[in-house]
Amino acid sequence: MDVAFSGLQMLPETPRTARPLPLRQLVEESRKTPRQLLESKTVANPKRNSQVQAEPPELHFCGFQLNKHYQKTLKLINVSSEALSIHIVPTLTEHFQTTFTKKYRLIPGLAYTLKVAFCPDEWRYFYDCIHVRCEGEENLLIPVHAYPVIDDLHIPAHIDLAAVPLGQSVQRVIPLRCRCPVDFEFQVLLIQSHEAFSVQPLAGVISANEESKITVTFSPRQYRTSSITFQLVVSQFNTKPYLCTVTGSSAPHLGLR
30 MDVAFSGLQM
40 LPETPRTARP
50 LPLRQLVEES
60 RKTPRQLLES
70 KTVANPKRNS
80 QVQAEPPELH
90 FCGFQLNKHY
100 QKTLKLINVS
110 SEALSIHIVP
120 TLTEHFQTTF
130 TKKYRLIPGL
140 AYTLKVAFCP
150 DEWRYFYDCI
160 HVRCEGEENL
170 LIPVHAYPVI
180 DDLHIPAHID
190 LAAVPLGQSV
200 QRVIPLRCRC
210 PVDFEFQVLL
220 IQSHEAFSVQ
230 PLAGVISANE
240 ESKITVTFSP
250 RQYRTSSITF
260 QLVVSQFNTK
270 PYLCTVTGSS
280 APHLGLR
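For the sequence shown, the residue numbers in the numbering used here are 30 to 286.
Note that these hints are calculated values from the structure, not bench results.
Glycine included, C-beta positions come from ideal geometry on N, C-alpha and C.
One or more hints might be untrue.
[Stated by the list, open to error] Here are the computed distance ranges between Cβ atoms for each label pair:
#1 Arg253 - Ser79: 53 to 61 Å
#2 Ala192 - Cys148: 53 to 61 Å
#3 Thr102 - Asn267: 15 to 23 Å
#4 Glu239 - Thr128: 33 to 41 Å
#5 Ala146 - Arg206: 28 to 36 Å
#6 Pro230 - Cys148: 33 to 41 Å
#7 Thr254 - Pro210: 36 to 44 Å
#8 Ala192 - Lys104: 51 to 59 Å
#9 Gln100 - Lys131: 13 to 21 Å
#10 Asp180 - Leu219: 25 to 33 Å
Could you put together the complete structure from these sequences and hints?
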């Protein structure tokens with residue numbers, strides 16, 4: 030899921046020299062589809078048509094180190110009942126290299142095996158694609174993505190706070206760390222709110238090689254157990270939200286212990 034943020038209020042920060050840009054500002058413009066492939070047929074379904082199926086339907090290089098080589102495999106399977114002659118346009122940008130052995134005709138049930146190598150030289154998002162031209166069918170487009178990610182973000186699914194007397198508060202701080210030199214914006218969405226809880230901040234930036242924090246405060250107003258559920262969304266490509274439920278309670282005589 031590619032999440033786009035609009036109108037986020039960023040946390041104030043001390044000016045720094047050569048501050049890394051947020052990931053969404055590092056996106057490379059994708060190259061245009063070769064015109065000769067699309068003159069007769071449009072690219073409609075990137076996954077499969079009645080002749081060819083791509084496995085996987087797209088390639089993701091999730092997280093990387095600079096100048097390190099990575100490789101993924103793509104299979105183009107003949108799912109028809111006839112031998113096929115297909116035309117493959119491999120990746121064209123310098124950071125992706127595609128290799129495969131071309132067969133004269135592809136027998137039903139068999140597949141072309143493509144090896145896609147990737148070597149990054151910058152901390153940013155990279156994009157390319159593989160086009161497949163099929164006889165009498167819609168052409169296929171298989172996207173190839175590569176992007177930095179936060180690989181050390183640990184958000185607990187459940188947090189149980191210690192019981193606290195009425196009129197007092199208890200807090201839990203959730204650290205947000207990023208070891209790669211890219212800033213990631215984040216947003217907190219309250220799925221189930223409660224008047225006894227507050228979550229701050231609701232939006233901000235996980236700065237490169239630094240630590241940000243989300244603070245959950247529980248200030249009970251009644252003798253009961255209460256909970257709140259929030260969702261943390263980070264603006265990294267193909268992101269999945271983190272869901273967290275926080276439970277707090279209060280009971281009589283706690284202040285006498």
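We went through each hint and held it up to the structure:
{"no.": "1", "hint": "Arg253 - Ser79: 53 to 61 Å", "in the structure": "holds (60 Å)"}
{"no.": "2", "hint": "Ala192 - Cys148: 53 to 61 Å", "in the structure": "holds (54 Å)"}
{"no.": "3", "hint": "Thr102 - Asn267: 15 to 23 Å", "in the structure": "holds (19 Å)"}
{"no.": "4", "hint": "Glu239 - Thr128: 33 to 41 Å", "in the structure": "holds (40 Å)"}
{"no.": "5", "hint": "Ala146 - Arg206: 28 to 36 Å", "in the structure": "holds (30 Å)"}
{"no.": "6", "hint": "Pro230 - Cys148: 33 to 41 Å", "in the structure": "holds (37 Å)"}
{"no.": "7", "hint": "Thr254 - Pro210: 36 to 44 Å", "in the structure": "holds (43 Å)"}
{"no.": "8", "hint": "Ala192 - Lys104: 51 to 59 Å", "in the structure": "holds (56 Å)"}
{"no.": "9", "hint": "Gln100 - Lys131: 13 to 21 Å", "in the structure": "holds (19 Å)"}
{"no.": "10", "hint": "Asp180 - Leu219: 25 to 33 Å", "in the structure": "holds (27 Å)"}
When held up to the earlier numbered hints, the structure conflicts with none and fits them all.
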